[in-house]
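Q: Residue strings, one per chain:
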Amino acid sequence: MSNTEINVEKLTAKDFSSGIDVRWCPGCGDYSILAQVQRTLPNIENIEKEKVVWVSGIGCSSRFPYYMGTYGFHGIHGRAPAIATGLKIARPDLTVWVATGDGDLLSIGGNHFIHACRKNIDLKIILFNNQIYGLTKGQYSPTSEKGKVTKTSPYGSVDYPFNATSLALGSNASFVARTIDREPKHMAEMIDRAAAHKGLAFIEVYQNCPIFNDGTFSELTEKDTKEDNVVILEHGKPMVFGKNKEKGIKLEGFHPVIVDLNDPKNSIDDCLVHNEKDDSLIRGFILAHLTDSPDMPTPIGVFRQRIKPTYDEAMVEQIDQVTKKKGKGSLEKLLFTQNTWEVK
Amino acid sequence: MSNTEINVEKLTAKDFSSGIDVRWCPGCGDYSILAQVQRTLPNIENIEKEKVVWVSGIGCSSRFPYYMGTYGFHGIHGRAPAIATGLKIARPDLTVWVATGDGDLLSIGGNHFIHACRKNIDLKIILFNNQIYGLTKGQYSPTSEKGKVTKTSPYGSVDYPFNATSLALGSNASFVARTIDREPKHMAEMIDRAAAHKGLAFIEVYQNCPIFNDGTFSELTEKDTKEDNVVILEHGKPMVFGKNKEKGIKLEGFHPVIVDLNDPKNSIDDCLVHNEKDDSLIRGFILAHLTDSPDMPTPIGVFRQRIKPTYDEAMVEQIDQVTKKKGKGSLEKLLFTQNTWEVK
Amino acid sequence: MSEVREIQEKHIDEVTVRFAGDSGDGMQLTGTQFSDTTAVVGNDLSTLPDYPAEIRAPAGTLYGVSGFQLHFSSSDIHTPGDVPDVLVAMNPAALKKNLSELKRSGLIIVNSDSFDKKNLKLAEYESNPLEDGSLSGFDVMDIPITTLTYAALEDTELSQKEKSRCKNFFALGLMYWLYNRPMEPTIDWIEKKFKNKPQFIDANEKALKAGYNFGDITERFATRYTIEPAKLKPGIYRNISGNEATALGFVVAAEKAGLNLFLGSYPITPASDILQYLSNYKEFGVKTFQAEDEIAGIASAIGAAFGGNLAITTTSGPGLALKTEATGLAVMTELPLVIVNVQRGGPSTGLPTKTEQADLLQSMYGRNGESPVAIVAAATPSDCFNMAIEASRLALTYMSPVILLTDGYLANGSEPWNIPAVDSIPEIPVKFHTEVENYHSYSRDEKLARPWAIPGTKGLEHRIGGLEKANITGDVSYDPDNHFEMVKLREEKIQKMKDSIPDLEVEGDKDAEILVIGWGGTYGAIKEAVIHTRKKGYKVAQAHFKFIHPFPKNTEEVLRKYKHVLLPEINLGQLAKVLKSEFLIPIEQFNVVRGLPFRVGDIENKIIDVLGGSNE
Amino acid sequence: MSEVREIQEKHIDEVTVRFAGDSGDGMQLTGTQFSDTTAVVGNDLSTLPDYPAEIRAPAGTLYGVSGFQLHFSSSDIHTPGDVPDVLVAMNPAALKKNLSELKRSGLIIVNSDSFDKKNLKLAEYESNPLEDGSLSGFDVMDIPITTLTYAALEDTELSQKEKSRCKNFFALGLMYWLYNRPMEPTIDWIEKKFKNKPQFIDANEKALKAGYNFGDITERFATRYTIEPAKLKPGIYRNISGNEATALGFVVAAEKAGLNLFLGSYPITPASDILQYLSNYKEFGVKTFQAEDEIAGIASAIGAAFGGNLAITTTSGPGLALKTEATGLAVMTELPLVIVNVQRGGPSTGLPTKTEQADLLQSMYGRNGESPVAIVAAATPSDCFNMAIEASRLALTYMSPVILLTDGYLANGSEPWNIPAVDSIPEIPVKFHTEVENYHSYSRDEKLARPWAIPGTKGLEHRIGGLEKANITGDVSYDPDNHFEMVKLREEKIQKMKDSIPDLEVEGDKDAEILVIGWGGTYGAIKEAVIHTRKKGYKVAQAHFKFIHPFPKNTEEVLRKYKHVLLPEINLGQLAKVLKSEFLIPIEQFNVVRGLPFRVGDIENKIIDVLGGSNE
Ligand SMILES: Cc1ncc(C[n+]2csc(CCOP(=O)(O)OP(=O)(O)O)c2C)c(N)n1
Ligand SMILES: Cc1ncc(C[n+]2csc(CCOP(=O)(O)OP(=O)(O)O)c2C)c(N)n1
Ligand code: SF4
Ligand code: SF4
Ligand SMILES: [Mg+2]
Ligand SMILES: [Mg+2]
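Protein chains in written order, with this note's numbering: chain A, 39 to 382; chain B, 39 to 382; chain C, 123 to 738; chain D, 123 to 738.
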């Protein structure tokens, strides 16, 4: 079906808009994600819009497919990865994206998520993490911080939160990244990277919900604080951050610590050099757990990328192999197998 | 309700048997787990048998509660951690154990498992990992190795398996351990340790299913191979293994490698010293992923233990605090709140 | 209020008002405040909030309109009203969306400031309805509410945006003036709500008073209305919504049973409120567990029931669908458990914020195997309180799961509630089994309930689960005859509940030609339709099912008495199916599935229709 | 077979044999081999495997007994037989467990070696039944099968344990001799099965032949039986189980529709076989996805359906319960999807290896909202093939989810199947929508089906989901009238299927006084009961529902024709409920819920009972 010639006309962001009125609240971080996706997809080489499908669950974020000018499936709560898995296996020629929220993916949908990671289904999952249940009007979510006061936790929640990147890595996801709604360029880069990854790609986007959880990420997004609180991961580069890149991260044993690069005792060479292609998951895991300690900056970027055969690929290959060996199936043979007898 | 005097008589293994005929296949590794549990529990200090509850899902392994002389709940497939969670929250005075299989806990039950880990519910979960669906007669499970030929994968499965300890750590479980059905003493120790841990304790037991997956763990259990393939984790001790403890494990960057201790160039001091109390999850994660490479030995023992408040505890505390502040609830006050008016 | 202008004070009997505006305009709040105040002055009332599935759709759009309807009266009323007499529309979209339902010649109060080009376009108006004559026939009050609010707040420190947010209080104040309500309850509320933000207290109060005074000052309103207090049954009242009543019912049930209350739940519209209310009552020892999903919600409740708590789980349609397998486990293990299903529009995600009665068959039959549960349904918002207690009582007395059905209309709607004296609510006797001798986990008492022996009880260690149980001993049993016995026993136990539920009551004409039956949230609409048709001279009676599985003992007798039995349902005829198959009685169905409560008039017409048309 | 001993060769018409032994004794294999061979010699047959939920309970225990019943005949038969004529019991537990069902004076073949103290005790025998006279009245052949097997394998290299495992082949050989069956099919099977283990080929063949020869040599059997081939309809036959037939049906349906087949499933007894069979057919491009749970099973199938595959999901009761929410999504998105539910004993985990018909109401009503799906049910093991195709055809033609109900008895039972010529099976016309002009995702053809426009089709990019859809455009719509319209349309579409399903057929007496109706796997038992009672002179007719939602057009007409309508069901009356509510027709119910197929005799008695007792 693939006919690249059809696509000589360059697609634009507009081609990726369905034209339907967007119904998120004013100021919602979801707008930014939509804009970056619509801007980024047209630049993907050989992209055929009709081969792109957006699948989602339920939540504010899960309205996403309606706004995309591609095929879309607004599923049921938590099941987007499972619907997308079936679609991708049935139709490996399609590019299947999942738009989902922290409740949708990590609460009710947790099982499908970890299994999709494990199986390396070739899906691109974007988690709109606003650390709240938006659509149901403000209950704490599995990523809400402990102690959070919400409608269902009037005295503060007693839940420890999930660390989404940790969970993804614990499930052996082959591509794990994080970005922030207020960093459009970085986000665009992550989307591009995910699109290019063959295998399951997971992007966590920190997304502000101005209505029910306004400002949770403000330390990471406000001009005067963000440089001190965000470290941008770049492959092959030392991990440094701060307004003047004056702070670095090094490891003491398994414990990442901050080094003051203004202090002549320290050198940038002590700093951890980011390597997203590390075969092992350990480095990614260390990065994922930087957020455990309040003193450490939050990493954004690609935590880990590893190329290995995808599930859908392997299934097609197995079918091809068996078919090559046995020949294409014949119904005649299938029905009239051995152990038949004739009544005359 | 707790009245320790009642328990002056020492309980025995027999007290922990229900006396019901055990119905596993001859040679099943489940027998060994049952025996060790029944032998270990009586030794736990102040244990009151009537305060112990075993909860399970569905599978061969999930028959476990029937054989225990304690309270038991044979639930539905995959839901044991959720049932146990409700029970523990409702009744923090009880000791709640979960007996479950690799299909039960990691396939259909995956979501409840990771959430129980995250929330640090004070449950003791024993995973009977036989890398197969036993009760349904031999389909591959989420822990079966890639390529495995089973009833549902006649040409070899295309699934990458879960690493159960990695998933538990990725979900921030506070106690993670592994043992083997054929190592009764080690198993007893792990059970004892789990029982003593306040918080979610997860023990993965490699368990042989002689009927549908015989010998999967034989490299780890057979006399002539096990010393070379198993490394026993001991807190504060260097990680060494081999028939004559002639091999050690050290880290090169994030990559564990084997060092030959017979080679005078190497010293036991180079070896990684196990520290199960490490605050961070990283060390446990490295250990969990030792099994990724076929050359490395499989660790058994406690990967990680960390003490932090449990969910059930925190909930009780919150109730106490609010009650202290507001006084015990009065129905009168609750119903006849402000904004009432009287009709005469 | 010293006023020289001549204002006509008119006494009226009842009014239906609808507030409508953007999702961000605070219409739900305005409606609730008006209701609470109206309740306090002693009117009977009934409310119907109606909001979109979007949290706050872009301002000015049609799909972003949020509404709140309120019917209040000096006599007994039962519904939020079919057609509003008054529409308060904060923008063109609100006007557009609601106009068609307004009473002919009704009053329209609009914020004329919002009728600018942009908003008119968003509302898909070609021309300005305030100017093009299309509203002729209505009594239109176009008031520059935004401008007037800004003016009132001139000397406050608020930003323009913050000031603008106060305009709903202006509208509320105006309505208070128009219907002669006191401002104090709202002022109290504002002071409490913004305790830590004094600037908002000041601003909102100013806006409220400005609205009120505007009514006083402007020459536009020639009439002001008084609605006398309703002659309700003596007692202490409060205004209550169905969800709050449900929550309170369970707290009371737990106390009356001497048990701890456990709720395992996952948020879902329109049921989340119950979880939210209950998470507040820590001082009652209530434990609310916000689970990872609906299955964990019910599974945790089953665990808590095994542990000896009054265990409940709350949800709405799609969530109930997810709980079916575990509900079967509760059936097999015969544990007490209340499952609350606040019905919403289906199938699938359907119409999440709308009401419907289409989960009855799911509740009845939606499980594998022969898997009977008890089913009860609340009839009005305040009745949710009673039915939560009833459901708990049945669950605990018979050791059985019970499904309590309410719906989006009951859940969010409100009415004055005659608060019962705490002592007047009967205890729910619960005794955990402790006797070791002759204990069998599946022995039964005269109600066919098995003993509740909870972990921690010495000597009663036993094991339960989802496999078929041997009668009496509770051992796992694959015996064919035992299975048949148990299948029958489980159904019989539900039927036994007939002994402790009230008979079906018939209201209306003794010699009625038609019996209008119903269940759940349609009670009020049916009741008003019956009253109206009787006033018109038809012979009509009403009976309402609050207990559906089992049916009350006298059900068949009642149904067979009447020439016609009419059953209005907000589904395609679910209770009708159950009744027809059980009694083989013909039933006239009236089914309207529009995501909204019945219109009284429609039921009225149907009654007249069934009786052969107008008798006039 | 050159034999001097005088053996009586007796021609008989039919026999029912039951093999029973430990779960580890290979009784299922023995039964299957005997069935396959019996099929090949041309008898009609019907089988009933019956195994415990435990994989391999400790040897010798009562609960570890596994059985396989087989009824074969020289004429048309329809059930596995009510009471066995012959019991082959490999140990005391097998004898104990099955004796009560054996025909009076029936033949018992036991492995006398296993009647030692330990096994007697495990079987809860106080004394040895072979010695204490308790078997008097039966024809008992106590044969030291273990000893004889060891003897036959003396010169093989096998361990004692391995030798012991061959004893079922000895028993099989003996039975082959007794019923005059050839050994070749089994020898062929052995050779294929143990291709890589020649020592097992040798041993098993030796055991088989030893058993056969033992029959020949021993003086104990005076009679040997011949059952002539049945006069079945001409054609090519094979013996087939319901699960295999289901799997084949879907492969054929996909090919006939020109689509790829996708199965998303999670293993569960007794449905796992279908997944297992389909995972073999890679050369047909069949994709089987073993999902993490049942919800992922159906969700993945919904995704695959959106992608343009023939998508199915397979499960049993508790799994169907888990799929309800997602089934609603398929209803709302109007995607073709077949859900196979192999019913087992419920509620909850229930009796996992036993049969039952108690998921009909769950299939009909077990979803939130008004959420209609089509329901079809297979009548016999081989009919599963037809109904899998029918279900696929309905799903693809009407763009709708379809539930195909089979049950544990059909799934594991087998019968000879007259294999249809591939060309005789009609194509299923499927056309993906490709025209860009005027495309609307919820427009409808004359069947009310919406267009299937799959991703990859340029210009038809559109979005579907679980929220209510606007008629025709498919946009999200919260409009009340649209909702009502869609609720009715969805039900109407199912009713439309009446146009393409066959009328209900009536077999039996034209002037019958009683019509016995049924659905699903009870077909054979009802049919035999009808034949028997007609033979006894009663006027009886039969009609069997294979299409349940919608019912065939002529259903009411047929039902109203008869004085009595009797409906036997293996539940508490589920189809009866549906029929009664739909047609208000009284139906006599006959409900037996024992985890087992109906006994023909019981239905017979019930028919006679309804007709007022014996006519003799
Ligand atoms: C089965 C089911 N359970 C619950 C809900 C209610 N529900 C809808 S969205 C949602 C959570 C939304 O949170 P999140 O996924 O974080 O999305 P957000 O709105 O924050 O983008 C819930 C609980 C539902 N629609 N279906
Ligand atoms: C809802 C549901 N789905 C599927 C099943 C069937 N089932 C029973 S046990 C099982 C898997 C057993 O595997 P595991 O958990 O590894 O336990 P094991 O038997 O190997 O100990 C399955 C799929 C079921 N009982 N219920
Ligand atoms: S509620 Fe929050 S997440 Fe949802 S649309 Fe509004 S701002 Fe965005
Ligand atoms: S099937 Fe395997 S896991 Fe199950 S009881 Fe038998 S040996 Fe044990
Ligand atoms: Mg969220
Ligand atoms: Mg297993």
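Fair warning: there could be bad hints in the mix.
Unchecked claim - Sample of chain A residues lacking proximity to chain C, with all beta carbon distances greater than 12 Å (derived):
id: 1; residue: Gly95
id: 2; residue: Ser179
id: 3; residue: Thr188
id: 4; residue: Thr190
id: 5; residue: Ser191
id: 6; residue: His235
id: 7; residue: Asn282
id: 8; residue: Asp308
id: 9; residue: Asn313
id: 10; residue: Gln356
id: 11; residue: Gln376
id: 12; residue: Glu380
Said to hold, decoys possible - DSSO-like cross-link-like pairs, simulated, lysine-lysine; straight-line CA separation at most 30 Å:
id: 13; chain 1: C; residue 1: Lys683; chain 2: D; residue 2: Lys685
id: 14; chain 1: C; residue 1: Lys225; chain 2: A; residue 2: Lys264
id: 15; chain 1: B; residue 1: Lys52; chain 2: B; residue 2: Lys87
id: 16; chain 1: B; residue 1: Lys186; chain 2: D; residue 2: Lys239
id: 17; chain 1: D; residue 1: Lys319; chain 2: B; residue 2: Lys264
id: 18; chain 1: B; residue 1: Lys52; chain 2: D; residue 2: Lys239
id: 19; chain 1: B; residue 1: Lys382; chain 2: C; residue 2: Lys283
id: 20; chain 1: C; residue 1: Lys553; chain 2: C; residue 2: Lys225
Hints were generated in silico from the structure; no laboratory data involved. Just so you know, even glycine gets a beta-carbon here, dropped at the ideal spot from N, CA and C.
Q: So, for every hint listed, does it hold in this structure?
A: Okay, the hints, checked on the actual structure:
1. Gly95: It is violated; A:Gly95 is separated from chain C by about 10 Å at its closest Cβ, not greater than 12 Å.
2. Ser179: The claim is violated: A:Ser179 sits with its nearest Cβ about 9 Å from chain C, within 12 Å.
3. Thr188: With a cut-off of 12 Å, A:Thr188 comes too close to chain C, as the shortest Cβ separation is near 9 Å.
4. Thr190: 5 Å, violated
5. Ser191: Violated, since 7 Å does not exceed 12 Å.
6. His235: 28 Å, holds
7. Asn282: 35 Å, holds
8. Asp308: 42 Å, holds
9. Asn313: Nearest chain C Cβ is 34 Å from A:Asn313, so the label holds.
10. Gln356: 32 Å, holds
11. Gln376: 36 Å, holds
12. Glu380: 39 Å, holds
13. C:Lys683 with D:Lys685: Distance ~27 Å between C:Lys683 and D:Lys685 Cα, so the pair holds.
14. C:Lys225 with A:Lys264: Violated. C:Lys225 to A:Lys264 sits at ~56 Å, over the 30 Å cutoff.
15. B:Lys52 with B:Lys87: 11 Å, holds
16. B:Lys186 with D:Lys239: The given pair, whose Cα atoms are some 42 Å apart, is violated under the 30 Å limit.
17. D:Lys319 with B:Lys264: 29 Å, holds
18. B:Lys52 with D:Lys239: With a Cα-Cα distance of about 26 Å, the restraint between B:Lys52 and D:Lys239 holds, given a limit of 30 Å.
19. B:Lys382 with C:Lys283: 45 Å, violated
20. C:Lys553 with C:Lys225: Violated - the C-alpha atoms of C:Lys225 and C:Lys553 are around 57 Å apart, more than 30 Å.
When the structure is compared with the earlier hints, violations turn up for hints 1, 2, 3, 4, 5, 14, 16, 19 and 20 and for no others.
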